[in-house]
Structures are given as structure tokens and as C-alpha cells.
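There are 2 protein chains.
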Amino acid sequence: MLKYQQIAIEIEKFIEDHTLQQGDKLPVLEKLMTQFEVSKSTITKSLDLLEKKGVIFQVRGSGIFVRRHKRKGYISLLSNQGFKESLEDFNITTKVIELEVRKPTQEAAHNLNIEPDNDVYYVKRVRYINGQTLCLEESFYNKSIITYLNKEIVSESIFNYIREGLGLKVGFSDLYLRADKLKEEEAKYLGLKKGEPKIYVETIFHLTNGQPFDFSKVSYNYEQSQFFIQANSHFL
Amino acid sequence: MLKYQQIAIEIEKFIEDHTLQQGDKLPVLEKLMTQFEVSKSTITKSLDLLEKKGVIFQVRGSGIFVRRHKRKGYISLLSNQGFKESLEDFNITTKVIELEVRKPTQEAAHNLNIEPDNDVYYVKRVRYINGQTLCLEESFYNKSIITYLNKEIVSESIFNYIREGLGLKVGFSDLYLRADKLKEEEAKYLGLKKGEPKIYVETIFHLTNGQPFDFSKVSYNYEQSQFFIQANSHFL
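Protein chains in written order, with UniProt numbering: chain A, 1 to 236; chain B, 1 to 236.
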């Protein structure tokens, strides 16, 4: 971890320890430099990172302010780390339905940018939050990148394994989200009725080098799942 | 508009004009500096902005690459500019159901961070995409910030008016999203049946100084609306 990332974590911790609220002002730049014993360029990078993460906002000529958003129990759609993190106060468990090496569907091959005869790991899981069904997930991992998975790994956080076990760097992802009615089989897995609502999210996850490595299709139990997104104003 | 923002738009146009695809490499930094006749610091800021916008991704030591995500017709949940922009190829129209000055609900007062006896503009609208219902929207605008609205304004893009008519700077926003079943009244407005799915989004919009000015509750027609989100890897 780089220095500015570490300082960003410390500033975040400072905000939490002092239970600062949305709109509360942080110490000025010079004071933060002294407090955390770092250079101006480091503290500036830390603050930029925290602004991107939605932890603070900076108002030119006015100061640095706390940005607090969280309603408890919402899944962050921007955090790219699997949702174990946004739901860390909850007990997330996993039931593996299927795990096998196979050829990709046409849709998966297209989204992973691979040939139809390349291999993928296909993983189908139901995830639970505090014992209630949270979602039904189908994922296709490009096997030439994610070279090995087993049942134990996919029972836990696959993304932790990808980062720490395989040493890969998870980069950006593209999410496509809509609502639909549950099909019979989905409803069965989620303990709901056919025709009830679902949130359906397709995600293409890329490494930092831009290679897609995971195409996932997730149907969420509408009674258990809610999402939050922080949008910034850097869009023209 | 600042120089680097203008250059960012030109680079984006360059990508479109050359119909570059995801993963295509852009010219190196030096070449871009020459091509757009700007300094290194300007081009760096332009590229950072484009990376935030999800138009490119940069791989250290390797280059600058095009990031293409768009499936047509998806509403960007990150663009903070109202959705007229993400749906610019479509014909968006608006029917105003209600527009009046009133006291906020408790929920609206809480989210706008105002007192119950402050005034808000309450706006209820149905929006249409190519003649089909897209969503039912209820918004509460803090009247001490959004000092004037009329029927003509709310028939069009309120955000354009806020920026250009009132000269306010729209900053960050917090979105909360879930699926639910349509209630009878909502279904009626959307031309759907009670109990059918909806995407329900609450948003708190802030000025760049952090003041919340709009709390909106939108129920989307699930048949007409799909959303995309680009997530970056700047999260630890």
C-alpha cells in the first residue's frame, strides 16, 4: 500500500473515531500535514482519494468537509470488491450450487472477449444475509486468467482469493442493472414467488490492465437488498 | 469551462470520430500534447477527468486505452445531470401532475436538512421515453435555494434551469436504489399493473458547497428502464 493510501485510511478512521457528521469541517491542509506527518503532495493525494471514495468533499476556498451517506445495510454499487465489504456488519454466507469448467455461453464469451472454445469456470451460488436469501449468482471466469478455483474458494469471497491467492489486480467494472420478474427457478432459489420483483445486475469485471476476467449475472431478493451509489460532480 | 475540460471533450470526440473500441490504445502522452497543443499538466488533468468519467483507463508503463461500455439506452446512475443526457438519442417528454409550494414531509425535511416549517417546491411528474412511460417522479426542492419554479420550467430539464437560469453549481449526490412492487396509484401513472416490479430510487442532490437542494423519489417502469454504472478501482 502506498503512503497516501495509508494516510487516507487513517483520515477515514479519524472521521469515524470522532463520529463526524455530514458537513463537519476537517482541519485545514497544513494541520493535516502536521497531524499525519506527511508532505503537502501526499496529503493532497490522500484527500483526492477520499473524495473519489465519497468520504469527504472539498470546497475551493472554504475547506474540507465530511461526506456521510450511509444508510445502514445498503450494498455499494461502486465498491469493486465484492459486497462482503459494504455488508461487513452482516453475516454473509454462501451455498455453492454448481462449480465446473465448461465452454462459455455466447453471451459470456462476448462479454469476456474470448473465443467460444476457450474454457471458463462456471460458478452458481446462492448468497445469504443473516440467514435470508440475498441473491442468486452465476459467474463466468476466464480460465486463462483465473486459473484455479475449488469449492472451498467459491464458498468464501472469490475476490479475496483473486487478489491475495492469485495476486491479480482488480480494476474497473461495468454494471448493468434493471428490475424484472422472477422466473420460477430463480424464485425457488431465493424463496420467493415466480413473478415477484428482482433486481438483476450484470457485471463485467476487469483487471487493471483492462482484461475482462469475470462476467456475472446476479438476481437479488428485492426484500433483502438495497443499493447505494455516490455520484460526484466531475462529469461535464 | 476550463482548458483541461475542453481538451477532455475533444479527446472524447476523437475517440468517437475514430470509432475506437474498448482496449484500443490512444497516442502516447507526448503525442497528445502535440496534437492538442497543450502542456503536460493540462493533458494529464484531461486524462484524469476522462478516466473518472469512464472513457479511458490508464495502465502504468503501458499506455492509455479506450474504455467503452455503453449498451445503448441505459441510464447512467453516475451522471449527475439528470438523465436527459444519458438518453439523448431518445425523445424524453414530461407531464406535470403537480407543482406547488408547501411544507416538506418529515422525510423530505430530514433529507434536505431543513426545518419542517421551511418551504419546498413540490413537483410531481411523469416522464416518457419515446411515448412510453419511463418514471413517476416526486421531488422536493429547498425553496431557499431553488427560489423559483414554474410549470414551464418543470416541463423541461429542471437541472438545466438550476445551472443556467439560477447559476447554481450542482455537486455530488447520494442515490439509494431498490426494487419493489408497484402500488395502485403508481401503476396507474406508469400504465402497469399493481404488484408489478419497479426500480425505486431516492436521491439527495447537493450543491458543490455540500448543501442539499433536492430530494427526489422516482419509481421507474421496469420495462423501459435499465441503468449502467462504471466502477473504478480507486477503492482500497
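Check before you lean on any hint, since a few could be wrong.
The list cannot tell twin chains apart, which means a pair is met if one copy fits it or any two copies do.
[Stated by the list, open to error] Quick list of in silico lysine to any residue cross-link-like pairs, SDA-like style, CA-CA up to 25 Å:
1) K217 x L2
2) K143 x Q22
3) K72 x Y122
4) K124 x K183
5) K13 x R102
6) K124 x L20
7) K103 x G210
8) K31 x F159
9) K3 x N130
10) K143 x E12
11) K124 x T94
12) K217 x G191
Calculated from the structure, these hints are not laboratory results.
We went through each hint and held it up to the structure:
no. : hint        : verdict
1   : K217 x L2   : neither (33 Å within a copy, 40 Å between copies)
2   : K143 x Q22  : between (44 Å within a copy, 21 Å between copies)
3   : K72 x Y122  : neither (32 Å within a copy, 27 Å between copies)
4   : K124 x K183 : within (16 Å within a copy, 33 Å between copies)
5   : K13 x R102  : neither (44 Å within a copy, 40 Å between copies)
6   : K124 x L20  : neither (41 Å within a copy, 34 Å between copies)
7   : K103 x G210 : within (22 Å within a copy, 50 Å between copies)
8   : K31 x F159  : neither (37 Å within a copy, 37 Å between copies)
9   : K3 x N130   : neither (36 Å within a copy, 51 Å between copies)
10  : K143 x E12  : neither (37 Å within a copy, 33 Å between copies)
11  : K124 x T94  : within (10 Å within a copy, 42 Å between copies)
12  : K217 x G191 : within (18 Å within a copy, 28 Å between copies)
Going down the numbered hints, you'll see the structure goes against 1, 3, 5, 6, 8, 9, 10, while the others check out.
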